[in-house]
Every structure is written in C-alpha cells, then in structure tokens.
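Student: Given next are the chains, with one letter for each unit.
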Amino acid sequence: MTTTGNTAGRSTAATPATAHGPRLSFVGILRSEFIKLFTLRSTFWCIVIIVLLSVGFGLLASTIQVPHRAGIPVPPPLTSAQQQARAVTFATIGSQIGELVLAVLGALVITGEYATGMIRSTFAAVPRRLPALIGKAIVLAITAFVIGLVTIYGTAAIIFPLLPGVKVHPHWDNWTLNESLIGGAVYLMLIALIAFCVGAIIRNSAGGIAGALGLVFVLPIIVNIIGGLTQATWIGNIGSLLPTSAGGHLFSYTNSKTQVVSGVLSLDRLDGGLILLGWFVVLFIVAAVMLKRRDT
Amino acid sequence: MIEAVGLSKHYGSKTAVDNISFTVRPGLVTGFLGPNGAGKSTTMRLIVGLDRPSSGTVTVSGKHYADLKAPLREVGVLLDAKAVHTGRSARNHLLAMAATHSIPRKRVDEVIALTGLESVANKRVGSFSLGMGQRLGIATALLGDPATLILDEPVNGLDPEGVIWVRELARHLAGQGRTVFLSSHLMSEMAQTADQIIVLGRGKIIADAPVADILAQVAGKAVRVRTPDVAKLTRLLAGNEVKVTQTDPDLLMVNGLAAANIGEIAAKSQVVLHELTPVAGSLEDAYLALTEDEVEYHAGSLETEATL
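Those protein sequences? They're chains A and B, same order as listed. Residue 127 in the working numbering sits at position 127 of the first sequence; the count goes up by one each step and never skips. Residue 1258 in the working numbering sits at position 258 of the second sequence; the count goes up by one each step and never skips.
Just so you know, these hints were derived from the structure itself, not from any lab. Just so you know, not all the hints are guaranteed correct.
What the hints assert, rightly or not - Calculated lysine-lysine pairs in the BS3-like style (CA-CA distance at most 30 Å, straight line):
no. : chain 1 : residue 1 : chain 2 : residue 2
1   : A       : Lys292    : B       : Lys1082
2   : B       : Lys1204   : B       : Lys1063
3   : B       : Lys1268   : B       : Lys1243
4   : B       : Lys1082   : B       : Lys1204
5   : B       : Lys1014   : A       : Lys292
6   : B       : Lys1204   : B       : Lys1014
7   : A       : Lys292    : B       : Lys1204
8   : B       : Lys1063   : B       : Lys1082
9   : B       : Lys1123   : A       : Lys292
10  : B       : Lys1069   : B       : Lys1082
11  : B       : Lys1082   : B       : Lys1123
12  : B       : Lys1106   : B       : Lys1082
13  : B       : Lys1106   : B       : Lys1069
14  : B       : Lys1069   : B       : Lys1014
15  : B       : Lys1268   : A       : Lys292
Model, not experiment: these values are computed from the prediction.
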C-alpha cells in the first residue's frame, strides 16, 4: 500500500525517480575520498617530503664511514645476518622520520574537513556518516601503504648498490629482509591510521596533529623517563606496548623473541604488528561511536 | 515535501528550536523567515541530519534523511557557503561530491555553467569571494537534480544581479514541481520570492501562511498624518487601541484608527492637517510586527553604551 503511494507520488514529480540512475554507494564513497585526497596540495607536499627524507637519510647513513682511528682494534667483519639487518636499517631509517609527515597527513585527512566545514558537505552526501569514515580510512590506508612501500623499496634500490662500500652485502632474495621492508610500509600505514583516528576524535587540526604526534612520539619518551627513574619492569612493559615501540618490530630484521627475563615483555614481528593494529582498532571504534553521536 | 512534527533542539540549557511542526509542500517556494538566532539554520541542519533532534521528527519525502537511498538526488542543500575545503578547486569539490552518488562528470559541467562559475571553476575555493562561494554552494545543491532544495540564506553576499538570479531560480525550480525551502532574515526578499512563509522567532513558529495572508494582517492599518501641531494631535488620538509614532518633526504614523476617524477628530479640535494617507502595509512591517517580541539580540541603546 505504502509502496504504491510512493510510486504514484514520484511519477507526478518532474524529477526522475531515484529508484533508477545514480545513487549512493560505497564504491562511490571510495572514489570520492580518493578525489578528495589527491586534489589537495598538502597531499603532494607530504609525499615529496617523505620521499626526500627516506632517500636522503638512507644515502647519508649508507655512505658515512666511521674513520678508523689508530689504537682502536679493528671491529670484526659483520656476519651475513648483521649485514642484512644493517641494510634494512638504512632503507627504513628515513621513513622513521617520514612517519611524522604521514601522521600529519592522516590527521589532516579528517581535521581538514572539520576546519573548513567540508565535513558538512560530506555528511550531507553520506548521512549515515560511518561509511564516509570507513571510506576515508581505506583510502588513507592504501595511500600510506603504497607511499611507504614505494619509498622504502625505492630507497633500498638506490642505496643497496652503494652498501658494499661500507662492507655490507644485502641479499634481495633474503625473505626476512623483504619481510622487514614490507613491515616498514605496514608500520607507516598503521601510524597514519592511528593519527587519522585521533584527528577524528579531536576534530581540530592543531589538536589532532598534536594529539597524534603526542601519542606516537612524546608518550614513549615520557614512559621511558619514568621507567628509567623507577626501574619498574611493568612501566618498561607499558613502554613496549606503545605504538612506536610495538610497531618497531614490524620492520626490525631481528625477528625472534629475546629470552624472557623475569617478566620483561618480549615481542616478535607478529606480536608488534598485532599490538599496533589493536591501537588502531580501539581508536577507530571510539572515533566511530563519537562520529555517530555528535552534532556536526 | 518536508514534514516536521514536534521538532525540538536544545544545546545544553539553551533551546534553539522549540517544539515546531510544519510542512513544506512541493511546487511552492516556502520562505523561512526570522531574525538572526531564531533557529532557522538549526532547523535546516535537523532536516538533513547534521544535528540530532532533542525530540520530535522530521522527514523528507516521507523518510528520515539518513534513510534515503540517494540523499543528494532527493535533497539539495546549501547550509553554509563555507562547507567546502578551501584548498580544493570548485570543480574538484563538485567532482568529489558527485562521485559519492556516481553522478556523471557531465552534470558537474552543467551545474558549473548554470551557476556561472566557468571562469573560476579551476581556482581554489579559498580565493573565492562570498558571492562565488554562495554560487558554488548552490551548484553543489543542484548537483543531484534533487526534488527538494533547502537553501539557507542563499542570497547572502550576492550582488543584485545574483539576488535576482536566485529568485528566478527558486521560482523556476518550484515551477517544475520541486519543493523549495529557503531561509532569510530579510522580509523584502521573501515578499518577491516566496508563496508561503513560515516565520520563526526564538525557536517557535509565529506564523505559517501564504504571503498574501501575512500582508493582509497589516494592510491599511497604518495612517500617515502630517500636521504642524504634532503634540496636540498625539494627545487627541492616543488611546487604548491606538498607537501613535512620531517619525518626523511634523509627521505621525497612526495605527488602529481609520483615516476618516483621524480627520474627524482633528476637525473637531481644529487641528490643521497637511496630509492624511492610509499606508498599505508592507511585508517588512508585518514581519517587524510579528517578530517584535521575538528578536534575540536587540540593539542596545546608544546612550547606555556611551555612559559605560
């Protein structure tokens, strides 16, 4: 009954019935978010800075040779595993500073819309809101992962031919080495996503960026200082669970758990990755609940 | 068709919209009028679900806005010319909005042409004047070719040519059978555009009637009287139902007495009259009369300010 009533009402209207033709879809939301991200200059600046940082620091690290001083015994040559570990460090060292930039980008993706009022247009088009938040997160995740992967492998491709100069011989066919490089990209992606969630919760550009950087960079320092002063194991363990330290295992070549010493937490790559993922999931749920509840 | 039933919105202890019910019908331009702070924008935000009602419901085409399958194609909304990222060009903003509903690129070009934005479409919105921003907002609202248009202060910041354009556009869209709901704090604007007017004051509906009816409420009730003896005539005329206002040294506006009665009273007491003219009520007068007690922010007296 109601259906026929609606159809009758529609057919008299001058506009085409919305039952046919374009309508809101998740694929459309994803496309929209891609357009939004890549039509802002800030996105390109972030990418340029990340690439420059990664390649620049990689080159710097891999070409510096500590001059040998007389009187100091010559260090033994590195084992093959140590050489691979060093190659991974050089390839990812710049992106550890680049993560700052990705965290800013992640926060800006959402706070930029609140700052400019764009969010109202976004929610007018996607009134259920959550699909827009998920769409933004997916687009950011893909973008950050691809940026991370291309940057890290690009840096590796540039610096690996130079490494024999410092007596490091990386092996491209070493799976752990590749796992670490890919892990670096996953790490950057999750850091960007965590910053995005903090931005979605705080909704203000300055606050969002400060909150994200505080969580990612400042909190570990504070916990470290407290841990150092108190020498308490549990504080050290909390430190290991923070995003940067837990996530660090994602791109660390040394992948096995160290021996467990009296209650000190030891993590491997998977543990670290899952803990970082956990940070994102919890923050995303908080962001989603607040998004649904708050007025815009 | 927009239907609100018992709609309220409180922000903390402050009531922005107070239990209002109204219907905006298709095929008409409905004006939403009220002083600043009356709750017009809040009501419009409630309609499209940007704010959550404290109580009551509002539907568009019989559904809650969030339940619409293609919101942009049902409802075009201009809430704020600034609801656009300033770092993006107008065209890219429209393309991003269109993408959500898979609206073809051709339609983006159409609304750019329709709103006269061709020359600035590739410029960043941050460099736009208020008027251009307003045009972009209207272009965004029209993007989905929607059956209902909600425009909050659409003529704000537009030049006279733009004002006429919006007026004609609103009339044209209503003529096609669409629902057009536009707000303004300027009665004169509404008089020329709207068929139906809803007047809001302090979150409550003061009037909901065709423009002609609202005009009729005050039509012919005021009389302009010019006399050299203002003081005496004021004394003679003033009474319970009569309001006398001096507008010039020799000019009075009299409400509540017919011109003939005023003439007779003046003749009886031998007061000279230089002019005696019944004034047709303007929509502006009607509006001021209606909202007299409902203005939220009264201008403070200048003298009080000076003593501070």
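Student: Evaluate each hint against the coordinates.
Tutor: For each hint, the structure was consulted:
1. Between Lys292 of chain A and Lys1082 of chain B the CA atoms are separated by roughly 23 Å; this keeps the pair inside 30 Å, and the hint holds.
2. At most 30 Å may separate the alpha-carbon atoms for a hinted pair to count; Lys1204 of chain B and Lys1063 of chain B meet this at roughly 24 Å.
3. Distance check on the hinted pair: Lys1268 of chain B and Lys1243 of chain B sit about 20 Å apart at the alpha-carbon level, within 30 Å; holds.
4. Taking the CA atoms of Lys1082 of chain B and Lys1204 of chain B, the gap is near 27 Å; set against the 30 Å cutoff, the hint holds.
5. With a C-alpha separation of about 22 Å, the suggested pair Lys1014 of chain B and Lys292 of chain A falls inside the 30 Å cut-off, and the hint holds.
6. Pair hint Lys1204 of chain B plus Lys1014 of chain B holds up; C-alpha atoms about 13 Å apart against a cutoff of 30 Å.
7. A distance of roughly 28 Å separates the Cα atoms of Lys292 of chain A and Lys1204 of chain B; the hinted pair therefore holds under the 30 Å criterion.
8. Proximity of Lys1063 of chain B to Lys1082 of chain B is assessed by CA-CA distance (about 27 Å); at most 30 Å being required, the pair is judged to hold.
9. With a CA separation close to 33 Å, the supplied pair Lys1123 of chain B and Lys292 of chain A exceeds the 30 Å bound.
10. For a cut-off of 30 Å, the pair hint linking Lys1069 of chain B to Lys1082 of chain B stands: about 26 Å separates their Cα positions.
11. Using a Cα cut-off of 30 Å, the hinted pair Lys1082 of chain B and Lys1123 of chain B holds, with the two alpha carbons roughly 15 Å apart.
12. About 24 Å separates the Cα atoms of Lys1106 of chain B and Lys1082 of chain B, which keeps this hinted pair within 30 Å; it holds.
13. For the hint pairing Lys1106 of chain B with Lys1069 of chain B, the CA-to-CA distance comes to about 22 Å; that is within 30 Å, so the pair holds.
14. As the CA atoms of Lys1069 of chain B and Lys1014 of chain B are separated by approximately 34 Å, the hinted pair breaks the 30 Å bound.
15. The suggested pairing of Lys1268 of chain B with Lys292 of chain A is violated, with an alpha-carbon distance near 73 Å, which exceeds 30 Å.
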